[in-house]
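Visitor: Order-wise, the sequence lines are chains A and Z. Residue numbering for the first sequence follows this note's numbering, beginning at 117 and increasing consecutively. Residue numbering for the second sequence follows this note's numbering, beginning at -6 and increasing consecutively.
Among the hints, erroneous ones may be present.
One-sided excerpt, in silico: chain A residues whose CB lies under 10 angstroms from chain Z [to be verified]:
1) W121
2) F125
3) I127
4) Y128
5) A129
6) G151
7) D215
8) E339
9) P394
10) L407
11) V416
12) G418
Using 20 angstroms as the maximum straight-line C-alpha spacing, the simulated DMTMM-like pairs for lysine to aspartate or glutamate come out as follows [stated by the list, open to error]:
13) Z:K48 / Z:E309
14) A:K236 / A:E339
15) A:K256 / A:D120
16) Z:K321 / A:D183
17) A:K304 / A:D211
18) A:K236 / Z:E309
19) Z:K321 / A:D120
20) Z:K321 / Z:E309
21) Z:K204 / Z:D217
22) A:K304 / A:D213
23) A:K256 / A:D183
24) Z:K278 / A:D213
Honestly, the hints are just simulated from the structure, not real lab data. Even glycine gets a Cβ: it sits at the ideal position worked out from N, Cα and C.
Residue-level listing of the chains:
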Amino acid sequence: MSLDWLSAFLIYALFTVAGTVGMAQFLHLQMGLAGIGNFGIVGFFGLGMYTYGVFIRRIPWPDAMGDILPFVISMLAAVVVTALAGMLIGWFISDLDGDGVLVGTLGFATVVYSLALSEKRWTGGAEGMAVTDPVGFGTKGNSLFWLGLMLLLVVAATYYVARVHRSPYGRLLVAIGQNEPLARSLGKPTFGIKLSLFAIGSAGMGLIGAIFAVMNHFIRPTEIGIEVTLAVMVGLVLGGSARVWGAVVGVLLTAGLFDIVVQIYLPLPDSWYQITLPVVREMVFGAMLILVLLWRPLGVLGDMRRDKLVARLGRG
Amino acid sequence: MVVSLDIDRTDESAVRPAWQRARAFFSTPPGRLVAWLGILGLLGLLVGTWGLARKAVVFGLAEEAPLALAAVGFALLYRLTGIINVAYSETVTLGAYFGMWFNTTFGWNFYLSLIPAALGAGVVSVITYFAFFRPAHRRSVGVVEVIILSFGLSIVLRYGLQLIFGHEQRYFKVPFQNPIRILGLGVPPFRVTALAGVIAGALILYWFIQKTRLGIQIRALAGDEKLAQVSGINPLAVTVLIWFIAGLAGGAAGAFYGVGATARPLLGWSKFLYILLAVLVGGAKGLRGVIIAGLGMGVLLSGLTLAIKGQGLYSEILVVVLFIVILKLRGNRMSEAAKV
Chain A
117 MSLDWLSAFL IYALFTVAGT VGMAQFLHLQ MGLAGIGNFG IVGFFGLGMY
167 TYGVFIRRIP WPDAMGDILP FVISMLAAVV VTALAGMLIG WFISDLDGDG
217 VLVGTLGFAT VVYSLALSEK RWTGGAEGMA VTDPVGFGTK GNSLFWLGLM
267 LLLVVAATYY VARVHRSPYG RLLVAIGQNE PLARSLGKPT FGIKLSLFAI
317 GSAGMGLIGA IFAVMNHFIR PTEIGIEVTL AVMVGLVLGG SARVWGAVVG
367 VLLTAGLFDI VVQIYLPLPD SWYQITLPVV REMVFGAMLI LVLLWRPLGV
417 LGDMRRDKLV ARLGRG
Chain Z
-6 MVVSLDIDRT DESAVRPAWQ RARAFFSTPP GRLVAWLGIL GLLGLLVGTW
44 GLARKAVVFG LAEEAPLALA AVGFALLYRL TGIINVAYSE TVTLGAYFGM
94 WFNTTFGWNF YLSLIPAALG AGVVSVITYF AFFRPAHRRS VGVVEVIILS
144 FGLSIVLRYG LQLIFGHEQR YFKVPFQNPI RILGLGVPPF RVTALAGVIA
194 GALILYWFIQ KTRLGIQIRA LAGDEKLAQV SGINPLAVTV LIWFIAGLAG
244 GAAGAFYGVG ATARPLLGWS KFLYILLAVL VGGAKGLRGV IIAGLGMGVL
294 LSGLTLAIKG QGLYSEILVV VLFIVILKLR GNRMSEAAKV
């Protein structure tokens, strides 16, 4: 089988899109179902990325352990640290309204970014740090391997989300999103649910960030800007934040269309790619958020049957 | 008719929030002793670290004074219309750019260019209301969705500015002035006038909202829209006025920030978290609280930066964490949404 058509650009673009879909799936649980607007996605992503980097680079791993074991331990560390951070944020926002959630999650992302810049001894500061690739399939083989791993993760996340939708846990999340005091008055453990929701979502985002670190071979503060949060959010909102496939469809329509079709296949002048296109991309994403929320708030996939049920009850 | 499942959340829990319990404790004799000891300790700290505290107060007030003005504008919007407008950060940025434009291109004096800066930002603020927030309100877009919508608007404006003006920082053209000495420290005169202007602006706004007829109409509208309407208040005119005043405050704050440092596309966004924190933490005490929280944040930021030698980022982290912890302890569910 020839893989020549799969250029390094394309592999990387596919990888980015897959990672965005994965994060959008976790955001879907938090925002689409439980109604918690998480604006600190990039914080969890970046924390996972940097935890992996700090563990793999700053711990003197003995040579006898080989390459794989330190990699696995660092990945696990990234997942555990982001899960703990997610629980902390979940505890913080558990009894706050939308404004408190905004300030908590945004503040978390800011703190992660500032720490990445200021802790030069650990993170390399603004220059960042290089991380090595633990597997050895050659340059292209390695990127294909990480792309495959990311796709596997995205499939698993989508399967998990689909299961949540059909489970009592998912219905409880919807109840919290619609009316939390009511859910609590019915004896549902809303506090614990929010904590576990944030722990799982954050761990997932952190794991994706750690895999990004390996794929990029380099960790820099510029990787954890607000653009990551925007791409995830616009994908989810466009696709439909109440649907299992919303994240997939939406991210393919936004990041997929832009990063793959426009960046690779459109014959645009070279100078555009450097300066204009990244700025235009963010502008288009921002405009898309506005347009979708004004004219089609439930995204291209539309509403769930649940909402029709509520509407019918309202009429009756 | 849609069934509303909303429950009044104000008296949801029988357990009093932590700050109420703390207040009850401080009114008992041992609590009073603790409070006085605390105040004495703070005074002692101030005297003991006078060299540092002096710098923190002077530089903090001089550099971060615009934060208080920007926070007042944001608080007006937030408390009176209930909208968390992330794009308010771009109102601040636009103020800096309008000011710089009139200052450099037309050669206006800085103080004169404050007028077009504030007016321009105010007009843009009203335009965003008509273009986005009014349609969103009419389509009854949810609270979280409006935050996301304003986030999208903020992104569009910010990157639009970047597309037009580029990444580079732009400077106001102001003549060099000898520093003024305050408490034995040299401060550029622009910062001092900025501080005076900011405090004056904030006080005028406070007076306007609290005492004037229009201010009372504004507060009435926020309290009960239907009742205000039958009392002969024109809701559209008053709402437009709120957005305009908020834009004025944000634009002036942006121009002061711009002349103190530079005008750049990320100016407003870099201050947004602090504005939001000052409003949420100070907002429970009305506009006065917002002004105090904004100024206090500036003093804390510069004090911590001075105390942790040259590491501005640590002080930012500490201030963000401190204010978030305060917010958590107090709980941000304010019962009287219209208390300004």
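Visitor: Against chain Z, with CB atoms and a cut of 10 angstroms, does the hint on A:F125 hold up?
Guide: Violated, about 23 angstroms.
Visitor: Is it true that the CA of A:K236 sits at most 20 angstroms from the CA of Z:E309?
Guide: 16 angstroms, holds
Visitor: If you draw a straight line from the CA of A:K256 to the CA of A:D183, is it 20 angstroms or shorter?
Guide: Satisfied, since the Cα-Cα distance of roughly 19 angstroms is no more than 20 angstroms.
Visitor: Under the criterion that the straight-line Cα-Cα distance not exceed 20 angstroms, is the pair Z:K321, Z:E309 satisfied?
Guide: At roughly 18 angstroms apart (the allowed maximum being 20 angstroms), Z:E309 and Z:K321 satisfy the hint.
Visitor: Answer holds if the nearest beta-carbon of chain Z is closer than 10 angstroms to that of A:E339; otherwise answer violated.
Guide: 17 angstroms, violated
Visitor: Are the Cα atoms of Z:K278 and A:D213 separated by 20 angstroms or less?
Guide: Distance ~18 angstroms between Z:K278 and A:D213 Cα, so the pair holds.
Visitor: Quick one, are A:K304 and A:D213 close enough, alpha carbons at most 20 angstroms?
Guide: 19 angstroms, holds
Visitor: Mind checking the alpha carbons of Z:K321 and A:D183 for me, to see if they're no more than 20 angstroms apart?
Guide: Violated, at roughly 43 angstroms.
Visitor: Given the hinted pair A:K256 and A:D120, is their alpha-carbon gap at most 20 angstroms?
Guide: With Cα atoms ~10 angstroms apart, A:K256 and A:D120 stay inside 20 angstroms; holds.
Visitor: At a threshold of 10 angstroms, is the proposed contact between A:P394 and chain Z supported by beta-carbon distances?
Guide: 9 angstroms, holds
Visitor: Holds or violated: Z:K48 and Z:E309, Cα atoms, limit 20 angstroms.
Guide: With Cα atoms ~17 angstroms apart, Z:K48 and Z:E309 stay inside 20 angstroms; holds.
Visitor: Quick one, is the A:A129 hint okay against chain Z at 10 angstroms, beta carbons?
Guide: 21 angstroms, violated
Going down the numbered hints, you'll see the structure goes against 1, 2, 3, 4, 5, 8, 11, 12, 16, 19, while the others check out.
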